[in-house]
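These protein sequence lines map, in sequence, to chains A and B. Just so we're aligned: 28 in UniProt numbering is position 28 of the first sequence, and the numbers increase by one with no gaps anywhere. Just so we're aligned: 111 in UniProt numbering is position 111 of the second sequence, and the numbers increase by one with no gaps anywhere.
Think of the hints as simulated: they come from the structure by calculation, not from any bench. Values in this document were obtained by computation on a predicted structure and should not be read as measured data. Just so you know, even glycine gets a beta-carbon here, dropped at the ideal spot from N, CA and C. A hint or two may mislead.
Here chain B is said to cover these stretches of chain A; the calculated rule only asks that three of the stretch's residues, wherever they fall, bring their Cβ under 8 angstroms from a Cβ of chain B [claimed, not checked]:
1) 81-95
2) 116-128
3) 179-187
Label pairs and their calculated CB-CB ranges [said to hold, decoys possible]:
4) A/Asp5 / B/Asn131: 49 to 55 angstroms
5) A/Asp5 / B/Ile34: 48 to 54 angstroms
6) B/Ala158 / A/Ser2: 28 to 34 angstroms
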Amino acid sequence: MSYYDIDAILTDAEKLPCTFQIDVPDLGYLDNAPTQTLRAGAKVALPLWLAEMLAVANDDQGKSFVNFDLPRALGNDVIQALKADPRAVPLRDQSAHFFGLATRMMDLLAEEQELGSVLRKTFVTRATEIALHARKVGGGGKAAGGDDGASNLGVGGAGEEFLRGLDETERKLFRKAHEGAKAAKEWMENVKKH
Amino acid sequence: MALPLPPGLTHSEVAFLAEMEMVTVVPRQRLESIDLLSGQTPPLRPPHRAQLPLWLALLLKKQRRANIVPPPWLHPASLADIIHRETKGAGFSAPPPPPARANPHEPGRARRFADDDVTLSPPFQPSCTANAPAGYLPYHWLEVAESLLTHAGDDMAAPVGEVRSLLRDLVEVRAAKMRDSISELQGLERGMMLLTGVGSIELAESRGFVLGVVDGVRKIGASTEATRRDKEEMGDERDDEGSDDDMGI
């Protein structure tokens, strides 16, 4: 993850549900009450980078400023659905940077062992599916240049819906797999010319 | 700075390298030996077979000065046999055995080399000549097969269409296998893929994708792995988590 990685930056901007543990003067505008004190116990959605800083920092009694929960994208509903069938969940609807977010959350909450194994299974199962679709797209139509134009020919409606539900990491994978298949096809056609 | 090219060789580069493979030709005209960087080519005397690099053989073929003897593994029976093995068994079919090594389980496979300057390392191992073993796919199988089918179709042992459709089947079977081997990564204890017997063009095709998947699995497993390692060492070595993140592939 490089400093200039735009996906890492956007992942850091994902919102987490946070609960303030202390009163903060003049921070009420976060909770739609400008110029007032933000009371302890207020629930506010904060971006990941801020929530992380505030959760790690302590005041002089050793109490952290905020507590945060798993975001809704990694909530119980989604995890149960992923356990049932990883391919059926449109991850992009949960978060455009689902896997980036999940990796960050697992770094922060080290006790989430089960989440890790579910995510790994999800990622691998969906990657297999992505490879299948990318290959079909490459071999299906003459218009191998545009993903959208060609995906109708080989994949069909259900496949297109699956592809729309890919998060950014998976889209990159799809692009790589598709480029590979496309290069293979171009090479095949080139052999005949020379 | 990002390089414009992805890591690894592109398809055309791989195909270019595949033209170094030695093939067997039956010359139609005499041709004296030529000095090449890789050594001298054998002098061509019409009824006698000779081994030439693929690029030279294709050139002579186009000029109608030689016919190419297809390698035995490109015979339809051999291809059908390989497809059968690929569909039945797990894993990719084995690469050709190193030459001149007797295997007690497969008698008759041991061969002797006539030439004195023999290079046995895989890129130069003559696995596409007329006396290569049938039933094994060499590293450059798809590239060599494609160029031979395209440019020397009339020298094939069977109609080009038949061989080509068998090759297509083989490509599909092996691509499906590549996807299956990705799904083996989901078990927590196995973080690796076996790629023995995969051809160079297949590697070029799926390199980006497979590396992406392995990298993704590594990122997802990084924190779990760090926790596990912490537990094992019972120490507070949280800093090796950071170095784990930096390790790019």
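So, going through the hints one by one against the coordinates:
Using a Cβ-Cβ cut-off of 8 angstroms, 0 residues of the segment 81-95 of chain A lie near chain B, which falls short of the minimum of three, so the contact claim is violated. Counting residues of the segment 116-128 of chain A whose CB lies closer than 8 angstroms to any CB of chain B gives 10, so the stated coverage by that chain holds, three being the minimum. Counting residues of the segment 179-187 of chain A whose CB lies closer than 8 angstroms to any CB of chain B gives 7, so the stated coverage by that chain holds, three being the minimum. Checked against the hint of 49 to 55 angstroms, the pair aspartate 5 of chain A and asparagine 131 of chain B passes, with Cβ atoms roughly 53 angstroms apart.
Taking 48 to 54 angstroms as the suggested C-beta distance range, the pair aspartate 5 of chain A and isoleucine 34 of chain B conforms, at roughly 52 angstroms. Between alanine 158 of chain B and serine 2 of chain A the beta carbon distance is about 53 angstroms. The supplied range of 28 to 34 angstroms is therefore violated.
The structure fails to meet hints 1 and 6 from the earlier list, while all remaining hints are met.
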